[in-house]
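S.K.: Could you build the full structure based on these sequences and the hints that come with them?
For the protein sequence lines, the chains are A and B, in the order given. Residue numbers are given in the numbering used here: position 332 of the first sequence equals residue 332, and the series is strictly consecutive. Residue numbers are given in the numbering used here: position 206 of the second sequence equals residue 206, and the series is strictly consecutive.
The hints are simulated quantities; they were obtained by calculation from the structure and are not laboratory data. A virtual CB, placed ideally from N, CA and C, is assigned to each residue, including glycine. A few of these clues could be false.
[Stated by the list, open to error] Stretch-level coverage of chain B by chain A, calculated; a stretch enters the list once three of its residues show a Cβ under 8 angstroms from a Cβ in chain A:
1. 34-40
2. 141-151
[Unchecked claim] Not everything, but these chain B residues come out facing chain A in the computed CB check (under 10 angstroms):
3. Thr115
4. Glu116
5. Ser128
6. Phe131
[Stated by the list, open to error] Simulated pairs of lysine-lysine, DSBU-like, Cα-Cα distance not exceeding 35 angstroms:
7. Lys51(B) <-> Lys423(A)
8. Lys423(A) <-> Lys133(B)
9. Lys64(A) <-> Lys505(A)
10. Lys274(B) <-> Lys423(A)
11. Lys36(A) <-> Lys220(A)
12. Lys228(B) <-> Lys423(A)
13. Lys51(B) <-> Lys133(B)
14. Lys423(A) <-> Lys151(B)
15. Lys423(A) <-> Lys219(B)
16. Lys63(B) <-> Lys423(A)
17. Lys51(B) <-> Lys535(A)
18. Lys172(B) <-> Lys535(A)
19. Lys535(A) <-> Lys133(B)
20. Lys133(B) <-> Lys172(B)
21. Lys220(A) <-> Lys184(A)
One-letter residues, chain by chain:
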Amino acid sequence: MKNFWKSGDPYVWLTGGALMTSLLMVGGLLLLIGAKGLGFFWPEDIAQMRLKDGTVLLGRITGKEKIPSIVGDSEDRTRVHLKIGNRDLYGLDFKWVDEDRIEKIEFPLGAVVLERREWGDMYAFIEDIERDGVSLPGEEEGLWEALGGLIREARGIYSRIREIETEEIGRINYRIERKELKIKALKLKGKGGEEWGEGRVARLEAEIEGERALYLEKEKELEALYRKLNENDVVMKTADGRSKTVPVGGIVRAYRPNAMGVLLKLGLYGSKLKEFLLDSPRESNTEGGVFPAIFGTVFMVLIMSVAVMPFGVLAAVYLAEYARPGPFVQIVRICINNLAGVPSIVFGIFGVGFFIYGIGGTIDSFFYPEALPTPTYGTGGILWASLTLALLTLPVVIVATEEGLSAVPTAVKHGSYALGATKSETLRRVMIPTAMPGILTGLILAIARATGEVAPLMITGVVKLAPTLPIDANFPYVHLDRKFMHLGFHIYDVGFQSPNVEAAKSMVYATTLLLIAIVLVLTIFAVVIRSRLRKKYSFGEL
Amino acid sequence: MADEEEEMHEEKLAASGKDEVFPDLPEQVQLVRVDEPVVEAERLSLYYGEKQALFDVSIKVPKNKITAFIGPSGCGKSTLLRCFNRLNDLIDGVRVEGTVVVSGIDIYNSNIDITELRKRVGIVFQKSNPFPKSVYENVVYGPRIAGVRSKPVLNGIAERSLRQAALWDEVKDRLGESALMLSGGQQQRLCIARAIAVEPDVLLMDEPCSALDPIATAKIEELMRELKENYTIVIVTHNMQQAGRVADYTAFMYLGRVIEFNVTESLFVTPANKHTEAYVTGRFG
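M.R.: Have a look at this one:
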């Protein structure tokens, strides 16, 4: 026993065990999120349950658990969690079914899943298709084929409608808004007694009239499209025999999972994944995609990086190279280190007070007085959120840069001085390039922290649903004053603030997985750059 | 790091003032007449804070010759060398008294442009210290700092300097590669090429071979003999054989003083001072 302790083996086991435990926990977390997040898109089979009391249920089995037993009840009873969908009919998406009440479970080939723009999924059988109120002849198979064609057609119309609504009408509205602001600005100027160009106002007003006419035209086009979209209905029969008419225009996709092979399912999986990544959310974020949130997250991190890098590096250069070492510099250094430990919400509140009300309010009163009292920059927006995060991550960058600079060998520094270089030339040409890997390490840490941060964003410009992206086709193309969506906030919102938490659960897992993936991609990007620089600037034996 | 340790050591020794081996303080003698000095130190004293490292050093360095400073560790030879391009200024708390004249200019005059001085007086360090840049960028670093922009001119400087440093044939095909890929001896010759790229009047070498193997050392010594056609070279060395092989003149330093300065052969064969004799015959050091 004594030898065992002396041999040093216990320490190997202790340290190795600690490492293993940590790895297992992290691995387990990633595995859970990965499995649940990726499973979300898999079209699972639809079960039809006949219960002993004669009721028939149709839905997707999502889980099984032991019924919490009552005292003395020794028998193990289980219940099944069933997603029955049809929220418009049943009010609830999910149902628990005790297993001993089930008489039979079948997987009927004809069971159809309808993903709808409203009311969530529908699980039912196809009964009839109505064209302008007239039934289409045909059996189930024929109807199913016809439905596919109709849905494709409706999707074309729908995407055209979206295009008109968001892009074309959005553009017209944007132009009208700007012209109205211009008129307001001209009138404001006029109050000062200056010549305010009534001619220009009249011209602008005429232009606005023109835009309005254009708007009405688009609206008429929209009306026609909507009529066309809603001319077909499909009548569905639920498992309990109820009929429900569903407009084809409201269907995103329809499929019969029980009749699909693995390849077809894989195809559907891909199409659902694509929708998740590239589409906008619907049904108060619980369905559809998360593209605006991805875009907002990445764009915000980019602005933050652009803002934090120069400030952090310059501050670190001053601290490391110019400041006279002494107690004061030491205190400053300690303060910076501690700044990294300040709760992020504190930074958020500072952002609101300083950036939004302070700087934003000032910008508004000088540059956008015509829009007041509606604030332009004096309210949360992607710029302020990014700057708040830049402030939050500044200590990380400063510390890393300082370490990088101090790791540059003195001999190299003196070599530069010996060639007649001044301090600033030495810094610019030798020190900073050599310290670049260290600086990028700081950036990597900053990105990792900023991407996952939610609390300060909630009060500096993140919203549940942003109608427009911060970059679009309207001049000046980049709108840093706009509110934006963010994956971290999206997770919180969908998971804890949505009316239908149970239905959104898988969505939360998928979004979490995506957020982790984005952190990973951004980090890998920076790591690749760093390793390239390392190769170039490594010192070998020095 | 090694430099700093040595400096500390020098400080201590110098601070102890009187030495134990020779109770009588040695006289400083310059036995050779130098008519055309490029560097001329006059009653030069240097203090690290309170501690004195150089005591009233006076020495004249002859033009287009190799002058070696020898002496035991901590005798102040590196410190003296670094006075010639004011590199000691980079150390906090250094104070200098006396004058150093380089090419007729008093370099401790406050009006002097120190970066200009360092272009005129180049230095090669004990450990090779190439910048983490390409071979080419290392060589043209000085000219670039001096404001040379033209690509052909820079190319010309690079080739000339690398040829003078006897490195051209070895690196001409990989000028774009990192200088850190070169071997130790090549790196040291690159540092020499880098130093002569700005065409200095004086080239200081602070134990340039102490980290190299004998073959690389021989190459550098050969190079020094070639370079003295165009440059005045001052070399600090621990290695007496090296001083005997390459130097035209040699100064023996001890406890922050130049004890004896003479033509190399005379200094080694007929030392005038008993300390010098003791050192060159290997009785201490």
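S.K.: Each hint: holds or not?
M.R.: Here's how the hints hold up against the structure:
Counting residues of the region 34-40 of chain B whose CB lies closer than 8 angstroms to any CB of chain A gives 0, so the stated coverage by that chain is violated, three being the minimum. With a threshold of 8 angstroms between beta carbons, the proposed coverage of the region 141-151 of chain B by chain A holds, since 5 of its residues qualify and at least three are required. Annotation: interface hint on Thr115(B) holds; nearest CB of chain A at approximately 4 angstroms, less than 10 angstroms. With its C-beta approaching chain A no nearer than about 7 angstroms, Glu116(B) sits inside the 10 angstroms limit, and its interface hint holds.
With 10 angstroms as the threshold, the beta carbon of Ser128(B) comes within range of chain A, its nearest partner Cβ sitting at about 8 angstroms, so the hint holds. The interface hint given for Phe131(B) holds, since its Cβ lies 5 angstroms from the closest Cβ of chain A, which is under the 10 angstroms cut-off. For the given pair, Lys51(B) sits about 27 angstroms from Lys423(A) by alpha-carbon distance, which is consistent with the 35 angstroms threshold. A hinted pair counts as satisfied when its Cα atoms are at most 35 angstroms apart, and Lys423(A) with Lys133(B) qualifies at roughly 18 angstroms.
For the proposed pair Lys64(A) and Lys505(A), the alpha carbon gap of about 16 angstroms is at most 35 angstroms, so the pair holds. At most 35 angstroms may separate the alpha-carbon atoms for a hinted pair to count; Lys274(B) and Lys423(A) exceed this at roughly 45 angstroms. For a cut-off of 35 angstroms, the pair hint linking Lys36(A) to Lys220(A) is broken: about 45 angstroms separates their Cα positions. For the hint linking Lys228(B) to Lys423(A), the alpha-carbon distance of about 31 angstroms falls within 35 angstroms, and the restraint holds.
Taking the CA atoms of Lys51(B) and Lys133(B), the gap is near 38 angstroms; set against the 35 angstroms cutoff, the hint is violated. Using a Cα cut-off of 35 angstroms, the hinted pair Lys423(A) and Lys151(B) holds, with the two alpha carbons roughly 25 angstroms apart. A C-alpha spacing of about 33 angstroms is found between Lys423(A) and Lys219(B), which places the hinted pair at or below 35 angstroms, so the restraint holds. At most 35 angstroms may separate the alpha-carbon atoms for a hinted pair to count; Lys63(B) and Lys423(A) meet this at roughly 31 angstroms.
In summary, the hint linking Lys51(B) to Lys535(A) is not supported, as the alpha carbons are separated by about 43 angstroms, beyond the 35 angstroms threshold. Between Lys172(B) and Lys535(A) the CA atoms are separated by roughly 21 angstroms; this keeps the pair inside 35 angstroms, and the hint holds. Distance check on the hinted pair: Lys535(A) and Lys133(B) sit about 11 angstroms apart at the alpha-carbon level, within 35 angstroms; holds. Taking the CA atoms of Lys133(B) and Lys172(B), the gap is near 16 angstroms; set against the 35 angstroms cutoff, the hint holds.
Restraint check for Lys220(A) and Lys184(A): satisfied, since their Cα atoms lie roughly 30 angstroms apart, inside the 35 angstroms limit.
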